[in-house]
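*Asks:* What follows is the residue order along each chain.
There are 2 protein chains.
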Amino acid sequence: MDLESLTNTSGEWLRANGPESDIVISCRVRLARNLAQFPFPNKASDSVLDEIETCLHDTISKSTIGKPLSYFKVNDLDELDRQFLVERQLISREHSQGLGSRSVSVSEEENISLMVNEEDHLRIQVLHSGFALKDCWNEIDQLDDAIEEHVTYAFSEKFGYLTSCPTNVGTGIRVSVMLHLPALVITKEIQKVFQALQKINLAVRGLYGEGSQAMGDFYQISNQSTLGESEEKIINNIEEVVPRIIEYERRARVALLEENKQNLHDQISRAYGILQNAQTISSEETMHLLSSVRMGINLGLIDDLKIPTVNELFIHTQPAHLQKIQKEKLDTGERNTSRAAYLRKRLNNGTDHSQN
Amino acid sequence: MDLESLTNTSGEWLRANGPESDIVISCRVRLARNLAQFPFPNKASDSVLDEIETCLHDTISKSTIGKPLSYFKVNDLDELDRQFLVERQLISREHSQGLGSRSVSVSEEENISLMVNEEDHLRIQVLHSGFALKDCWNEIDQLDDAIEEHVTYAFSEKFGYLTSCPTNVGTGIRVSVMLHLPALVITKEIQKVFQALQKINLAVRGLYGEGSQAMGDFYQISNQSTLGESEEKIINNIEEVVPRIIEYERRARVALLEENKQNLHDQISRAYGILQNAQTISSEETMHLLSSVRMGINLGLIDDLKIPTVNELFIHTQPAHLQKIQKEKLDTGERNTSRAAYLRKRLNNGTDHSQN
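Read top to bottom, the protein sequences are chains C and B.
In terms of the numbering used here, the first sequence is residues 130 to 485.
In terms of the numbering used here, the second sequence is residues 130 to 485.
Excised from the complex, chain C in its bound form:
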């Protein structure tokens, strides 16, 4: 698998075939791990970073995880390719902008990614479509064990796994669920949900992680604390709260339909019409309109389009994806034109020929 071939597909997490995938886009578990014999990346010299990278690349290659992995040397990629990997959720923004020798290994279906020399020596991530946290956990737990057979992790009997940033010490786990909550945004109940989540120590972020805005009504809910609780407890905590948020969103959708179906239908249809006809469109407006269309499909108000196509369009209309698809560098204005042309092409077939 090379980077170019990825432009024709979309990751497993966008396939919308998991449980509750009308509202839960994807769920993700990631583990932060460090090798005992090396300093943390932010304290390591360039040559030590090289050494860590070589060591972990070897280890990953020989760990039997049952799936072939593609390997990308992130520091050798140009900015566009790095941004492309960020948009696909295969590397973090921090990893794309980091310094020194660093890499990512990605499974064919893009649901496994292993970042080397991000904030920690190793960040293992498993993503699944829909609400399937247990699947993520089982997979990542095996992966973690397979790697640990070959290396010694930095581990303290008292604290657990040691990490570069204290917030990850302990289990080193971050569990997150990406939710599409357009109705709660329209009814303005979303703030109440956030407040409730913060009280139980869960964080809410936008599509592209910390500090990113919640574009397209996508919200990522994740655990804040990694210390003092088992991985299972942390996962269970989120597994219990997500169905309640799903229930709130479903109720808000029903309420919107009951109160004024026509206005909701109008808003959704106009969004679809603009996406099918615009000649220039920003990424932000695209996300906003696709969010309406996505809810419209789920409510049965749009019937000639499928959710996986919409999920894919969210990613394919991102700046780096557009440029990879067009195979040329584009400035903001050119991207807006290119994005509009791409949307027209994908949405004006009459019937939806989903690429998935």
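Hints listed in this document are in silico derivations from the structure and should not be mistaken for laboratory results.
Fair warning: there could be bad hints in the mix.
Unchecked claim - Cut-off 20 Å, straight-line C-alpha distance, at most; resulting in silico cross-link-like pairs (SDA-like, lysine to any residue): (1) B/K390 <-> C/Q408; (2) B/K474 <-> C/N477; (3) C/K390 <-> B/S411; (4) C/K390 <-> B/Y471; (5) C/K474 <-> B/Q391; (6) C/K474 <-> B/D433; (7) B/K390 <-> C/E463; (8) C/K390 <-> B/Q391; (9) C/K390 <-> B/D433; (10) C/K390 <-> B/T461.
Claimed, not checked - Selected chain B positions facing chain C (in silico; Cβ < 7 Å): (11) C184; (12) Q391; (13) H394; (14) R399; (15) G402; (16) Q405; (17) N406; (18) A470.
For every residue, glycine included, the Cβ atom is placed at its ideal position computed from N, Cα and C.
Given the coordinates of chain C, work out where chain B should sit on it, guided by the hints.
*Replies:* Just chain B, lined up with the frame of chain C:
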């Protein structure tokens, strides 16, 4: 011809087959005439209005004008039918809301209409598509002569034709040209055009005459004075000024294309997309969006739609037309839904099957 059959057609003036019809929707000449032996309508009793109506109906019936006329007793029509005739420009708003015995006779192609007991005993109107004032004048002049063979008009050697309102005394003529000026509106040059027209004593009004707002970027230019100048002079005056306005509008369109074709194309395409997809839409928004689409067709930016269809949609989406087409009374909310459904039906055939 009955009123119902009109719902399936559109008037001659919407056919967009006249000269300069990309910008000039239609031109119109009307003559105000009164019978010498009767008081003006506002001074006439109900029984006298009856007498006038009978007399003029007889006269119109026997005047050889070479075209069959349909006769509608306006005071016998319900409010919806009267509004329907206003929307088709066959009667004035004043005529629809008047009191006492009054009528209108209409030619099959709807380019001739004769109102009896509007402000004056007789108002003759001839409408043509595009910029064809001379055709209007020749036709109305013959019509006027044919009627005058049977009646004696109120006429003063000193003042000319006498009319109910002093502003019409003299020739009794009003010459008007309906222009579609979207580019001058966008470039904000329209005010300069208005000021120039007012200086040469021409009035500017919206689509539905005096006091009506210029919806859909339609402007009606007409003479103010009817006294002291011959009909030919008045017509020539307007015939000279209109090509200059056309030229301004064309230049504004070219300038918009040169400055930012993409934004203009975007605005036009989005307007088309909204019209094709909205589930509820007001008359005002419809006019505004159709105006963009109409300009888009003329600029070659929309190629699957024809001007006569757009002209027709301007009229068919008016409140009374919608209700006549749906064959039921509809309140504002119902009209907005019905209008959106009608627009979707007419605009989503893929190819334009114009009714004309």
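*Asks:* Can the hint on B/Q405 be confirmed by a CB-to-CB distance to chain C that is less than 7 Å?
*Replies:* Since chain C brings a Cβ to about 6 Å from B/Q405, closer than 7 Å, the hint holds.
*Asks:* Classify the hint on B/N406 as holds or violated, based on whether any CB of chain C lies nearer than 7 Å to its CB.
*Replies:* Holds. Min distance 3 Å.
*Asks:* Against the 20 Å threshold, does the CA-CA distance of C/K390 and B/T461 hold or violate the hint?
*Replies:* Answer holds: C/K390 to B/T461 is near 17 Å, not above 20 Å.
*Asks:* For the restraint on B/R399, tell me whether the closest CB of chain C is nearer than 7 Å.
*Replies:* holds (5 Å)
*Asks:* For the hint on B/G402, just tell me whether its beta-carbon gets within less than 7 Å of chain C.
*Replies:* Holds, because the Cβ-Cβ distance from B/G402 to chain C comes to roughly 3 Å (cut-off 7 Å).
*Asks:* Going straight from one Cα to the other, do C/K390 and B/D433 come out at no more than 20 Å?
*Replies:* Violated, at roughly 31 Å.
*Asks:* Hint validation: B/Q391 versus chain C, beta carbon distance must be below 7 Å. Holds or violated?
*Replies:* Holds. Min distance 5 Å.
*Asks:* B/K474 and C/N477 were given as a pair; does the straight-line alpha-carbon distance stay at or below 20 Å?
*Replies:* Holds. B/K474 to C/N477 sits at ~17 Å (cutoff 20 Å).
*Asks:* Given B/A470 was flagged as interface, is its beta-carbon under 7 Å from a beta-carbon of chain C?
*Replies:* violated (11 Å)
*Asks:* What's the verdict on B/K390 and C/Q408, does the C-alpha distance respect the 20 Å limit or exceed it?
*Replies:* Given pair B/K390, C/Q408 holds - Cα atoms ~10 Å apart, limit 20 Å.
*Asks:* For the hint on B/H394, does the least C-beta distance to chain C fall short of 7 Å?
*Replies:* The hint holds - B/H394 has a Cβ within 7 Å of chain C, the shortest such distance being about 5 Å.
*Asks:* Under the criterion that the straight-line Cα-Cα distance not exceed 20 Å, is the pair C/K390, B/S411 satisfied?
*Replies:* holds (17 Å)
Taken one by one, the earlier hints fail for this structure at numbers 8, 9, 11 and 18, listed in ascending order.
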